[in-house]
Amino acid sequence: GAVVSQHPSRVICKSGTSVKIECRSLDFQATTMFWYRQFPKQSLMLMATSNEGSKATYEQGVEKDKFLINHASLTLSTLTVTSAHPEDSSFYICSADQGLAYEQYFGPGTRLTVT
Amino acid sequence: DAKTTQPNSMESNEEEPVHLPCNHSTISGTDYIHWYRQLPSQGPEYVIHGLTSNVNNRMASLAIAEDRKSSTLILHRATLRDAAVYYCILRDVRKKLVFGKGTKLTVNP
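Top line first, the protein sequences correspond to chains E and S. Per my numbering, the very first residue in the first sequence carries number 303; after that it's consecutive. Per my numbering, the very first residue in the second sequence carries number 2; after that it's consecutive.
There could be a bad hint or two in this list.
With a cut-off of at most 27 Å between alpha-carbon atoms, the simulated BS3-like pairs for lysine-lysine come out as follows [unchecked claim]:
| no. | chain 1 | residue 1 | chain 2 | residue 2 |
| --- | --- | --- | --- | --- |
| 1 | S | K4 | E | K322 |
| 2 | S | K70 | E | K368 |
| 3 | S | K105 | E | K366 |
| 4 | S | K102 | E | K343 |
| 5 | E | K322 | E | K343 |
| 6 | E | K357 | S | K97 |
| 7 | S | K96 | E | K366 |
| 8 | E | K343 | S | K96 |
| 9 | E | K368 | S | K97 |
| 10 | E | K368 | S | K96 |
| 11 | S | K96 | E | K357 |
| 12 | E | K343 | S | K97 |
| 13 | S | K70 | E | K366 |
Since the hints were derived computationally from the structure, they do not count as laboratory data. All figures in this text were calculated on a predicted structure; none of them were measured in a lab.
Extracted from the complex, chain E is given alone in its bound form (with noise of 0.2 Å):
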């Protein structure tokens, strides 16, 4: 199967900064990208669908502002989370999808632990 990957796997941050993820399509092109959050013991919860080249939409109740999502081309697709608070720890996922596949493929997801 496709293979998607992420970078960081496991990122530590003190709160206020900011942590870039990256999240990229090894074997194809994705055209689009998303982006879930899993709370331990908790199941996956979609945060955003991005395509390459155009804005975000973004789930409610998630502040576009704090995490901003670029899909700058077919293979990468980044989030940022901006000043970071311990209530921002959680494991983050992307996926991606080639459009007509009926399947999406998933990133090994990275933990980030904001102190």
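Dock chain S against chain E, hints included.
Same frame as chain E, now just chain S:
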């Protein structure tokens, strides 16, 4: 988004078949039934999907009821590596995946 109902947890023994049920009584005609699984501390992994007919692949089989209001994911011989949370999701073509709580499968050696 159409909703699905799954048991919170199930247990199986290694090398035995596992049948994971999913109810989706409000499914629409254009909804595909998708199954994903998530191992601890990993991103979800695609398992299988179908529309009306039963489907088989190398990982599992998907049995879909004739009225499409329920489906069953079948793991033919469970292994310890199959211990995961299994999500049954309804998805229209090109639409977003909305995850429910899923079923936590425990496989006993």
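Each hint tested on the structure:
1. S:K4 x E:K322: The given pair, whose Cα atoms are some 33 Å apart, is violated under the 27 Å limit.
2. S:K70 x E:K368: 40 Å, violated
3. S:K105 x E:K366: 32 Å, violated
4. S:K102 x E:K343: Holds, at roughly 9 Å.
5. E:K322 x E:K343: Distance ~24 Å between K322 (chain E) and K343 (chain E) Cα, so the pair holds.
6. E:K357 x S:K97: 16 Å, holds
7. S:K96 x E:K366: The hint holds at about 21 Å.
8. E:K343 x S:K96: Distance ~25 Å between K343 (chain E) and K96 (chain S) Cα, so the pair holds.
9. E:K368 x S:K97: 22 Å, holds
10. E:K368 x S:K96: 25 Å, holds
11. S:K96 x E:K357: Holds. K96 (chain S) to K357 (chain E) sits at ~17 Å (cutoff 27 Å).
12. E:K343 x S:K97: 22 Å, holds
13. S:K70 x E:K366: 36 Å, violated
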